[in-house]
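Protein sequences appear in the order of chains A and B. Each residue of the first sequence is one higher than the one before, starting from 1423 at the first, in the working numbering. Each residue of the second sequence is one higher than the one before, starting from 2 at the first, in the working numbering.
These are calculated hints, taken from the structure and not from any lab test. You can take every hint at face value.
Okay, derived cross-link-like pairs now, SDA-like style, lysine to any residue, Cα gap no bigger than 20 Å in a straight line:
{"id": "1", "chain 1": "B", "residue 1": "K348", "chain 2": "A", "residue 2": "S1441"}
{"id": "2", "chain 1": "B", "residue 1": "K348", "chain 2": "A", "residue 2": "T1454"}
{"id": "3", "chain 1": "B", "residue 1": "K329", "chain 2": "A", "residue 2": "F1449"}
{"id": "4", "chain 1": "B", "residue 1": "K304", "chain 2": "A", "residue 2": "G1456"}
{"id": "5", "chain 1": "B", "residue 1": "K374", "chain 2": "B", "residue 2": "H16"}
{"id": "6", "chain 1": "A", "residue 1": "K1427", "chain 2": "A", "residue 2": "A1479"}
{"id": "7", "chain 1": "A", "residue 1": "K1431", "chain 2": "B", "residue 2": "L175"}
{"id": "8", "chain 1": "A", "residue 1": "K1431", "chain 2": "B", "residue 2": "T187"}
{"id": "9", "chain 1": "B", "residue 1": "K348", "chain 2": "A", "residue 2": "F1449"}
{"id": "10", "chain 1": "B", "residue 1": "K248", "chain 2": "B", "residue 2": "S283"}
{"id": "11", "chain 1": "B", "residue 1": "K348", "chain 2": "A", "residue 2": "T1467"}
{"id": "12", "chain 1": "A", "residue 1": "K1427", "chain 2": "A", "residue 2": "L1468"}
{"id": "13", "chain 1": "B", "residue 1": "K304", "chain 2": "B", "residue 2": "Y327"}
{"id": "14", "chain 1": "B", "residue 1": "K304", "chain 2": "A", "residue 2": "A1446"}
{"id": "15", "chain 1": "A", "residue 1": "K1427", "chain 2": "B", "residue 2": "T187"}
{"id": "16", "chain 1": "B", "residue 1": "K374", "chain 2": "B", "residue 2": "G363"}
{"id": "17", "chain 1": "B", "residue 1": "K374", "chain 2": "B", "residue 2": "R195"}
{"id": "18", "chain 1": "B", "residue 1": "K248", "chain 2": "B", "residue 2": "I285"}
{"id": "19", "chain 1": "A", "residue 1": "K1431", "chain 2": "B", "residue 2": "R189"}
{"id": "20", "chain 1": "B", "residue 1": "K348", "chain 2": "A", "residue 2": "T1455"}
{"id": "21", "chain 1": "A", "residue 1": "K1427", "chain 2": "B", "residue 2": "D184"}
{"id": "22", "chain 1": "B", "residue 1": "K304", "chain 2": "B", "residue 2": "H338"}
{"id": "23", "chain 1": "B", "residue 1": "K304", "chain 2": "A", "residue 2": "T1455"}
{"id": "24", "chain 1": "B", "residue 1": "K248", "chain 2": "B", "residue 2": "E284"}
{"id": "25", "chain 1": "B", "residue 1": "K296", "chain 2": "A", "residue 2": "L1453"}
{"id": "26", "chain 1": "B", "residue 1": "K304", "chain 2": "B", "residue 2": "L229"}
{"id": "27", "chain 1": "B", "residue 1": "K181", "chain 2": "A", "residue 2": "A1429"}
{"id": "28", "chain 1": "B", "residue 1": "K296", "chain 2": "B", "residue 2": "Y327"}
One side only, chain A facing chain B, incomplete, derived with CB under 10 Å:
{"id": "29", "residue": "N1432"}
{"id": "30", "residue": "L1433"}
{"id": "31", "residue": "A1435"}
{"id": "32", "residue": "L1436"}
{"id": "33", "residue": "P1437"}
{"id": "34", "residue": "S1441"}
{"id": "35", "residue": "F1449"}
{"id": "36", "residue": "T1454"}
{"id": "37", "residue": "H1459"}
{"id": "38", "residue": "W1475"}
Quick reminder that beta carbons are idealized off the backbone N, C-alpha and C, glycines included.
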Amino acid sequence: MDWYKRARKNLWALPIALSLLTLAGLFLALLTTGLWHGVAWAMLTLPIGITGWYAFAGRS
Amino acid sequence: MSSHARRLRRWYVVHLWSSLICTLFLLLICITGLPLVYTEEIDHLLSNDPPYAALPANTPPASVDRIVAAGLQRYPGQVVTSLYIDDDAPQVYLFMAPSMQALREHPDSGHYLQFDSRTAQFVKESDPPGEHLPSFTSLMFSLHTDLFAGLPGELFMGAMGLLFVVATVSGVVLYAPFMKKLDFGTVRRKHGSRIRWLDLHNLLGIATLMWVLIVGLTGVLNELATPLFGVWQNTDINQALQAWKDKPPIRADQLSSPQAAIETARKALPEMTVTGINYPGSEIGSPHHYMIWTKGNEALTSKLYTPVLVDAITGQLSAVMPMPWYLKALELSRPLHFGDYAGNPLKILWLLFDIAAIVILGSGLYLWFARHKQRRARFRKLLQPARAATATARGIN
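Make the full structure from the sequences, and use the hints.
Structure follows, in structure tokens:
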């Protein structure tokens, strides 16, 4: 996961990625039905999951 | 100080004061928001309504005329003010009051009756005014939206929401200097609790940024619902009502069939679902028309309403009233704020994001206290030699 390590070092890479993911997830859920909702849930789980990971489990 | 440092310092002051002013209200909003995500489920759990009558799934709805007649029979001399047709459950709510004017002057004089939409059977009604205890969720809702103060309360909470958006944006600007030398997600755990909470505040703030911004901004828009509908009433609707301006006020015995008015609206907008009627004289609507509310049937269009004005005496279609852009924005801001538009998993995510927001607010408050304490301690230390010197000088004299 070299790219991820590099992304963590970049000040704005992950903040922008997580923001875009949230935005896309919120609107995907609004514009679609059925299976697409699952995709939206997954997209929105990422920002909250990553937050939880670093807040509770991350050792740094 | 370099100009860059001066600029950051200014952003810091903006972040500090915008958050200090709004934090306690935002904490109240976020905490009451938790149960509100599950309003429907909680209401259902706490209610002792009889279950819906078991009827075949394709039972057609009863005529609304029968429901209105049943309401007027129970409350002779009163008027129907509006009617709501649930598209989720087989129920129709009939709202009544002594008169339209009484309702405007004393909102408490309004009450509702619930009917089975398929049989037009009476199910239950609201408690009489005075004996009416607010439900748990309506208490939470008032604390969340207007602090029991009506429109002024809504505008105040809207202003707090706007300050919160300012605090969020200024927080993003400050993220850079704090995190310049740290990897994303770094939480320094061995440098004391202030540093640990500072890192957590930055992490939670930046990772949930977009959710917080969208729910914050849509919350502000929701608080503006009353003035926005007022603008629409005073512009587009009044424009459409020019031809009726000088007509005498309508009498109750002149009202044509509300069911026929619904059919007229359906014919005009066959692809829409009818969800309710504002009776003539409602605050939003017309003194001479039924305002029939319709909405679309797809994911997005089911959030967008198009009212239809039907002449309440002749029963003829007068106008289809597409919503202006600011009300469309308001309608879309509702689901985006409530999180109730994509099943239970989205509601759970809403709770988690909301809890993250509570931690951001709480840690921000803690950081301010901790900094304050630290600064005072430093100040005291600086003053110590001076104090000692004065004490010695006093001793000598």
